[in-house]
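Peer 1: Single-letter residue listing:
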Amino acid sequence: MAVTITARPRIDGLGITFTLLLSLAIIFPLLVVGTWAFTEIWRYPNVVPQQFGLRFWEQTLTRPDVWGALTLSLQLSTVVTLLSAAICLPAAYAFARMSFPARTVLFFSFLAGHAFPKFGLLIAIAAIFLQLNLIGTFWGVVLIQLVGTLLFMIWIPVAAFQAVDRRMEEAARDVGASPLRVFWSITLPQAGPTIAAAVLLTFVGTFYETEGAWLIGAPAIRTMPVLMISFINNQMVIQYGAVLSVMLWVPSFVALMFARRVIGGGAFARGFGG
Amino acid sequence: MSEATEAEHRPLIDATGDSRRPTGLLLVGIPVLLMAWLVVWPIINAIVRTIWRPDQTGDYGLDFSSYGFFFSDGYSLANLSITLWTTGVCALFLLVICLPIALYLRFAQGPLPGFVQALAIFPMFVPSIILAYAFIRVLGPNGMVDIILNSVGLPKIRTPYLTPWGPVIGLVWDNIPLTVLILLSGLGSVANQAIEAARDVGANRLQVFWHIIMPRISNSILVALSFSILGIFSAFTLPYLLGPAAPEMMGPFMQRTFREVNDPLNAMTQAVITFGFCIAFGLFYVRSVARNQRK
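Taken in sequence, the protein lines are chains A and B.
One gets our numbering by counting positions in the first sequence from 1 and adding 1079 to each.
Each step along the second sequence adds one to the number in our numbering, with nothing skipped, and position 201 is 199.
Quick caveat, the hints were computed from the structure, so don't treat them as lab data.
Treat the hints loosely; a few may be bogus.
Unchecked claim - Stretches of chain A that chain B covers, calculated by requiring three or more beta carbons in the stretch to come under 8 Å of a beta carbon on chain B:
1. 1099 to 1108
2. 1116 to 1126
3. 1189 to 1203
4. 1279 to 1290
5. 1293 to 1301
Ideal Cβ placement from N, Cα and C applies to all residues, glycine included.
Assemble the whole structure, with the sequences as input and the hints as a guide.
Peer 2: Laid out in structure tokens, this is it:
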């Protein structure tokens, strides 16, 4: 334990061990996938590929099923994120600023979905969708993915609205600004970045959502992750999966960059009960 | 959480302001109704429809036969036990891997801890479908590990792909970030003074860990494990892609019963049984999150 003060820098042996082990377990597998994506020929006993190239990028990107899945995934994620923002952000503002009957109970009711194993809950929802003929439809998938976004899209913005300095809002009201003007000029600019991060995380999370899309949507609704499943299970060409992985990882990387501010503060772990 | 971190915790919501003005109710109405329709109602519906069923004459009555079938069917029981085994092994591995990392991150100084934390959180940003693909390319037959072993003249590994160890490795990998974050947040409540005081009276590292740190973070450990167990018990994607075809974990089993066997009744029965096995962890997890948010 480094509570003692050391005069000269020590070698952080434990840290080096963790770095090496974690790099091996976490970064190395992803590097292998990255290598496969730019490989044209790599036969078994060779340690490095015999031929690098972009041939499989062209082949993957000209497949109609890849384009179909990409378009569908982007459409789904956009619709789900917009719907989620439209219904959750006003609700978050109400939870943060207004008082109304049963506020506390309703606020914590969004945890209900997290008290149950997720796939069991999806099966229970699917049984209801079966009666409503929503299985295999676009809107069935939208609904099931929308439910998954509610908790984050309400709790993170509630924290954002509450972090806004109330005295500034009151000062603006005192000099005659209308409530709408205060919201637009004072509240939104302060809460904006956190809310934007929540919206972005929702979009990326929905883009990668696999289980609801597979259970409710398949086979008619084929999103990118669902297409990846079939590539992993039935596709003989290894590179297709690798190219898709690299392509799919890009939005995730963007989210990583933006989300650091949300995750950094420890608020994120607290949201998970830490 | 204790005195060390309490100051920076503002309550997300305080219970004092509830009053009779219903404007807010209209604003929160749609998400609340959506929750009621797509979370609460499906659970009630699944429980009621699996026990209150029509008999041959069409009269509705209490009927536990689908549960009787599950608990007498060898295949269903094998699936349940492989699920329990996977969940238990994953929980154990997560604790053994993540607790040392979290302890290191809490107490180490210098430039490396930031890097180690970034590495440990990284899997959160790798979708499980990409993880499954990477797993097959590295640990699968003729994968990267086989290539490296072969190049130094060693025999191939017995690949964990399509064995019960496949989902274990994938699920542990996937759950490392949140487990580390939750444990680290719990370690924030261990005050440096308490540790220094114990060291001053001659306690060694193990004693400090056992008597000073463990009591403070036991709750965080339970929260982290509850969260992982809820996710792992009904995991679908990784067991479906990396696990054996039979016996299969509850996630793929439910999916197959629902979509391929086209038997919603037994799929719902399996879902209710997974709820039953996880209910204690679920309630504990939700209670902890709610208590943290109120502080």
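Peer 1: Against this structure, judge whether each hint is valid.
Peer 2: Checked hints:
Only when three residues or more bring their CB closer than 8 Å to a CB of chain B does the claim for the stretch 1099 to 1108 of chain A stand; here the count is 7, and the claim holds. Given a C-beta distance limit of less than 8 Å, the hint that chain B covers the stretch 1116 to 1126 of chain A holds, as 4 residues qualify and 3 suffice. Evaluation of the coverage hint for the stretch 1189 to 1203 of chain A: fulfilled, as 14 residues show C-beta separations to chain B shorter than 8 Å, against a requirement of three. Counting residues of the stretch 1279 to 1290 of chain A whose CB lies closer than 8 Å to any CB of chain B gives 3, which reaches the minimum of 3, so the coverage claim holds.
Check on the stretch 1293 to 1301 of chain A: 3 of its residues sit with their Cβ under 8 Å from a Cβ of chain B, so the three-residue criterion for coverage holds.
Of the numbered hints stated above, none is contradicted by the structure.
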